[in-house]
Amino acid sequence: LKELKKIPYVFEIAAFAEQFVIFTSNTELKLLPNVFIISLEELYLAKSSENCIIYQTRKSGVVFLLSKDLSISEFKGTYGILNAFSYRNGFIVTNVKSRTYHYIERKLRESQDLKYYFNKSGKLNEEYLFKRLGDEITLFTLSQKEVSLTFDIPKDFGFDASPVEGIFNLESTIYIPLSNGQLMAVDITTRKLIWKQERVGKVRIYEEKIYCIADYTIKELDAKTGKIIREKSMQNLVESYNFKPTGEHKVYDDCIFLMSTGKPGRVAIYDRKSLDFLELIEIDEMIPVGQNHVHWHNNRLYILDFVKNLHIYERE
Amino acid sequence: MPSASLKAFEDAQKNLSKQRELLDEAAVFIDEALKARLLVKYVDYPNISTWIDETSNNSVLTKLENLDFDKYASNLDEDLLDLDFKSALNEDAELVGEWEILHDAEKPKLRKSLDALEALDRIRKNSKLSDLNITDQMLGAIEGIPNVGYAQILDDLDAAIKALPEGKTVDFYKVVSDGNRGLVNANNVWDRRHSWLTLKKIKENETFLTNADEVRFEVELERINGVNHAVPDIYVTKSDNGIARIIIGEVKAGDNVITSNFNSQCTRYFNEITDIRNLRLFRRDEVTLTKQQVIDAWKNGGLLDNPVVEGLFYKFDNDVVQSGFDPDIDLLEDYLKNNNDWFNTIFETSF
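The listed protein sequences correspond, in order, to chains A and B.
For the first sequence, position 218 matches number 218 in this note's numbering, and the numbering has no gaps at all.
For the second sequence, position 59 matches number 59 in this note's numbering, and the numbering has no gaps at all.
FYI, nobody ran anything at the bench for these hints, they're computed from the structure.
Careful, some of the hints might be misleading.
[As the list claims (entries may be wrong)] Have a look at the derived ranges for each label pair, beta carbon to beta carbon: (1) A:Lys273 - B:Ile258: 49 to 55 Å; (2) B:Gln293 - A:Asp254: 46 to 52 Å; (3) A:Glu146 - B:Glu166: 53 to 59 Å.
In this text, all values refer to a predicted model and were calculated from it rather than measured experimentally.
Even for Gly, the Cβ is constructed at its ideal location relative to N, Cα and C.
Could you put together the complete structure from these sequences and hints?
Okay, structure coming up:
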């Protein structure tokens, strides 16, 4: 990859559909091909889905919704979007005053009060939300507007470990990382354990494969069976560059991007099909932890550093 | 055994012990030839000459033979007026090496202090020193702080070095000397106190640090876009069930924890960790800090409306407190006021 551009004063970046969106206070910024620029003086948070992006300039205020046709709708009121989640063609946000979920999408002039609320940790699919609290996981069925299942992981499955952050799903299977490094797969409908795999570490799912980083090794698991399809040691990367995968990783069709925390900011790029190491990108500033600061979109790598500089790289 | 053979065996044993006695005597025989040569060499230095004349320790003579005459003779002669100092050197000639280090560091009082010399001798025997790039020059340049003298600081440094994981420690020398900063900063007692407190915290967290993948040290302070950004003092990479994590230790050595860069430091660290439990802000025992002071500072700095900070405390509640805190509805300020776990974790506990 070669560095294409460095843009200062960028609050946030997001990708949806064919568009890449930059939130910036930089009024000098010129248009880039396939990049939509939203100029604002401040930004609290932005969230994206395949269909749209929502954002707030300040907490508990108006929500803006950017649609695929690049029109922006404004939903006046007092909303919280930290735990907002995509739903159908829009988003479900929290109305702070009524303490209920509200649905917003482009076609609506006002938000639609759904008359229910569930303090969730995440969304599994269009049917379930979940809450992780201590050893307990609670499933909330959106169509029924009620709690449908509660698991106590150690008690119900005879484990000596607690569920930790990073729960995700594929169809009706819920994948739960445990505090001892294991990953368990449970059928949501039958509540039965499908499989359990040891020492998977940090996990991301892509199509029907799970990509894990643990013990300085990158592993590819079959999401259906939990079996390791292949694995590759990252020891060379550790020894040659002192790269330690302390950040998160993101998986795309052709590449896996592994981040390290601290200074300098570093992204190690792996070929997803072969798990071969391809390249190490290094920037002066640190890359904040999380999923929002590195995006691979239309053969461009976007890295937003801690001091709001956006680094854009392009495949040569 | 026949009596003749027994007699021969006993005679042989006697012979052997006689030979051993002779060898032992030879060992304490002073090298008179060397002594004579040195008396000529140091004829213009009466105290050294007297010492040479009086000593029955060959090591002393060897040290004096190898001493850089032009550089050290005059000051050593002057220091030998101190009889305690002279006696200590006579008992352990190796201390001449430590005296040279403190001499080079231009510390005329300290170089005669037995506590200082012995502490320097102890730490120089620490086999990890060279791996950590800590030089004799750095050790000599270290300065004390109020209530903690040079010798005590060296002992604390020695203990900290022993607590660090071998082959996995990076840039620890910066705590001792990073240019003019660190324990050697003669012009800034706060800087030295900061480094000394770092040593204490290393020792207190020995078990934790021993099992780290890497322990990295930084003391620099930089300005980015006009804002002070501190690099974490102790930056630990540790694998927990296969997952490599960052754990940050920030050392606040001043009289106040809420300093002008407190919020910029916290903001930065909150963007580096994935769990509130991976951050520690250490302070001196006598410095008081209340939960409300931290909340007020964070509120003034806009941290309580920062989605990254809200997300971290939401996760902390899910994992630890389990009170059902919801950042979209509840105010983070209220949550922090109603709970002590986060404060105790960050500000009141070891790693």
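Outcome of the hint check:
| no. | hint | result |
| --- | --- | --- |
| 1 | A:Lys273 - B:Ile258: 49 to 55 Å | 52 Å, holds |
| 2 | B:Gln293 - A:Asp254: 46 to 52 Å | 50 Å, holds |
| 3 | A:Glu146 - B:Glu166: 53 to 59 Å | 57 Å, holds |
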